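Undergrad: As given, the protein sequences belong to chains A and B, one line each in that order. 1 is the number of the first residue of the first sequence in my numbering; add one for each residue after it. 1 is the number of the first residue of the second sequence in my numbering; add one for each residue after it.
Don't read these hints as lab results, they were simulated from the structure. Honestly, I wouldn't trust all of these hints.
Said to hold, decoys possible - In silico BS3-like links for lysine-lysine, alpha-carbon gap of 27 angstroms or less:
#1 A/K90 - B/K318
#2 B/K307 - B/K147
#3 A/K90 - B/K307
#4 B/K183 - B/K193
#5 B/K382 - B/K318
#6 B/K420 - A/K24
#7 B/K183 - B/K259
#8 B/K12 - B/K404
#9 B/K172 - B/K404
To be verified - Residues from chain B that face chain A, not an exhaustive set, calculated with beta carbons under 10 angstroms:
#10 N301
#11 A316
#12 M342
#13 K343
#14 R344
#15 H426
All values derive from a computational prediction rather than experimental measurement. All C-beta atoms, glycine included, are put in the ideal place defined by N, C-alpha and C.
Listed below, chain by chain, are the residues.
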Amino acid sequence: MAGGIKKFVVGSFDDEAVLFPAVKNVRKAGYKIHDVYTPFPIHGLDHAMGLRETSLHTAGFIFAATGTTTALSCISWIFTKDWPLNIGGKPNFALPAWIPITFELTVLFSAVGMVLTFCYLCQLSPFIKKHHFHARATDDLFVMAIECTDKTNDAELQSFLEKAGAKEVNVQVAETGWWIGRYDKEQKLYREEKGY
Amino acid sequence: MNHQFELPSNYKKWTWGLIGAGAIAVLYGIIMFHPFSAPVAHGHGGGAHEVATADSGTRFWAVLLQNSVFFLLVVNAAMFFICVTTMAMGAWQVALRRVPEAISSVVPILGIVTFLVLMGIVLFGRTDIFHWLDADAVKHDRILNGKKGFLNPTFFTIWSAISIFMWWFLGKKMRTLSLESDKNGPMDYETGKKWIFKNTVWASLYCVFFGLSVASTIPWLWLMSIDAHWYSTMYSWYTFASSFVSGMSLIAIFVVYLKNKGKLEYVTEEHLHDVGKFMFAFSVFWTYLWFSQYMLIWYSNQPEETKYFIERIGTAGKSGPYHALFFVNLAMNFLCPLLILMKRGAKRNWTLLTIMAVLIIVGHWIDFYQMVMPGTVKSHPKFGIFEIGIPMLFIGLIMLGVGKYLSKHSLLMKNHPFLKESMIHHT
Chain A
1 MAGGIKKFVV GSFDDEAVLF PAVKNVRKAG YKIHDVYTPF PIHGLDHAMG LRETSLHTAG
61 FIFAATGTTT ALSCISWIFT KDWPLNIGGK PNFALPAWIP ITFELTVLFS AVGMVLTFCY
121 LCQLSPFIKK HHFHARATDD LFVMAIECTD KTNDAELQSF LEKAGAKEVN VQVAETGWWI
181 GRYDKEQKLY REEKGY
Chain B
1 MNHQFELPSN YKKWTWGLIG AGAIAVLYGI IMFHPFSAPV AHGHGGGAHE VATADSGTRF
61 WAVLLQNSVF FLLVVNAAMF FICVTTMAMG AWQVALRRVP EAISSVVPIL GIVTFLVLMG
121 IVLFGRTDIF HWLDADAVKH DRILNGKKGF LNPTFFTIWS AISIFMWWFL GKKMRTLSLE
181 SDKNGPMDYE TGKKWIFKNT VWASLYCVFF GLSVASTIPW LWLMSIDAHW YSTMYSWYTF
241 ASSFVSGMSL IAIFVVYLKN KGKLEYVTEE HLHDVGKFMF AFSVFWTYLW FSQYMLIWYS
301 NQPEETKYFI ERIGTAGKSG PYHALFFVNL AMNFLCPLLI LMKRGAKRNW TLLTIMAVLI
361 IVGHWIDFYQ MVMPGTVKSH PKFGIFEIGI PMLFIGLIML GVGKYLSKHS LLMKNHPFLK
421 ESMIHHT
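All chains should be modelled from the sequences, with the hints used to inform the complete structure.
TA: Laid out in structure tokens, this is it:
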């Protein structure tokens, strides 16, 4: 799914303690941070970037409620309507016996559902390719990509990032969405691969 | 900022008001219920004797037993919380640690009260509370006879005394270590390491003894032996979960109270969030044990086991007097915490968490009520001034002890090596 081709100014930091004030200053200066790519989760970075609270929990609750409903409706239909059996002389509607299964399905639905939702939100999937702003973003660099608008002065922004402590600064034109491809192949832009 | 807390006069008024009301309730019970005369003799197994056993002396001892055991286990759970977090090298609780410490300092007071109640039951031969006190019945009853090595007055007395003493002694050690750290200046690396190690050793001793007492023998002796013929391997854990979740709620209430008074400056909603998580998690844990006990007995359907639940819920044809209470208990202690405390925002909301803490404590008090009453006052539960007055006495005593500790000592463990980690705690 193509998100569109945009121009970015990319700054790479090698220190968390430099990254935080840089994020703060970049936002204060009015630039729009596309995303910050880090090798490991950084506590509080989402807050510093002003990202909204994730809705993953809400999704989890909905999946869990679906699991509970599925289990209870399925089992109760099977044991009271479809195929009533006498098990140990218990009533057909034997709620306590169903609770463990209901619990399991609740957990299963919410766990699997949340993993899939998470992958969807992060656009993670086999054979799905996204532009990488810096290869070392998975190794030892914190990479901040700032989206340029037609009003942005690239040169000014680059020197701004350097002053903020970035070790490497460059300008990249990149596809923001995902496309089908493989990472073991040479990385090309969406438009190049598709022959635009 | 000043870390000393001066008790507001309002607090003192409430403390003494509650203790006074509770003392009046005890006097009322002594005068009205004749608790010191021998219980009405009764046979066993028949239905006819039930009317006779409902004499008010039974009610007196049952209510005192329920309240003293419940509140003692709740305040004791505060020290368990400290020891567990200490052993896990948890730092977040340091900013609020004086609060559970203060709560656990009530253990000796409530311990003595509980011991007196238990000894009252034993010495006055209240066979209507503990059937196994009846020497004649033990001789002729095969099940009671088989359990007499464990359920006998001597062992009961000695083990209860040892347990209460050890909770006090090991808890006192932990509190002393904590208070001593205030006297000297900040610790250097070596001193801090030694101090933490010392804490860990005492905390682990406490936890081991806690496992031997609260998580196994004590609920068997004090509560499960009311239904001396019946047993459940889930029972002690279930009781422990009940008391621990109430203990966490009590900690939350005092933390919010002090915060409202402008104290505990380093405690933020991050710390409250973690306390809330404990309340949420252990409510679910309690339900897990509650359900495991219920389902296994329901499924295997053995008469000697189902008896416990028949006394509470009744049978399909006839629901007993505890029927509604039994399910209210489940709603208050499971459904409400599950649905309300699930959201992150709820655990970080001071007002909502206080409301939930009160709800959980009342819910587990009801849980203990339905543990004790069906086996003692049988199908004649009473709920009157006496049942409301007695918990007032215990709440008053807790407020007295906690208030004393909080106003006497600094509210901040200023030299704890983990203090900074606690201050910047972030969930």
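Undergrad: With a cut-off of 10 angstroms on the beta carbons, see whether B/M342 makes it to chain A.
TA: holds (7 angstroms)
Undergrad: Should the hint that B/H426 touches chain A count as held when the rule is a Cβ pair under 10 angstroms?
TA: holds (6 angstroms)
Undergrad: Is it true that the CA of B/K183 sits at most 27 angstroms from the CA of B/K193?
TA: Holds. B/K183 to B/K193 sits at ~17 angstroms (cutoff 27 angstroms).
Undergrad: Against the 27 angstroms threshold, does the CA-CA distance of A/K90 and B/K318 hold or violate the hint?
TA: At roughly 18 angstroms apart (the allowed maximum being 27 angstroms), B/K318 and A/K90 satisfy the hint.
Undergrad: Below or equal to 27 angstroms on CA atoms is what counts here, so check B/K382 against B/K318.
TA: holds (19 angstroms)
Undergrad: Quick check on B/R344 please, does its C-beta sit within 10 angstroms of some C-beta on chain A?
TA: Status holds, d = 7 angstroms.
Undergrad: Would you check whether B/K343 satisfies its interface hint, that is, whether its CB is within less than 10 angstroms of any CB in chain A?
TA: At about 8 angstroms, which falls below the 10 angstroms cut-off, the nearest Cβ of chain A leaves the hint on B/K343 intact, so it holds.
Undergrad: Is B/K420 close enough to A/K24, meaning Cα to Cα at most 27 angstroms?
TA: holds (24 angstroms)
Undergrad: Given B/A316 as an interface hint, is the shortest Cβ-Cβ distance to chain A below 10 angstroms?
TA: This hint holds: B/A316 lies near chain A, its Cβ roughly 9 angstroms from the closest one there, short of 10 angstroms.
Undergrad: Take the C-alpha atoms of B/K307 and B/K147, compute the straight-line distance between them, and say whether it is at most 27 angstroms.
TA: Distance ~18 angstroms between B/K307 and B/K147 Cα, so the pair holds.
Undergrad: Given the hinted pair B/K183 and B/K259, is their alpha-carbon gap at most 27 angstroms?
TA: Status holds; Cα separation ~25 angstroms.
Undergrad: Quick one, are B/K172 and B/K404 close enough, alpha carbons at most 27 angstroms?
TA: Given that 27 angstroms is the threshold and the Cα spacing comes to 15 angstroms, the pair holds.
Checked against the numbered hints above, the structure breaks none of them.
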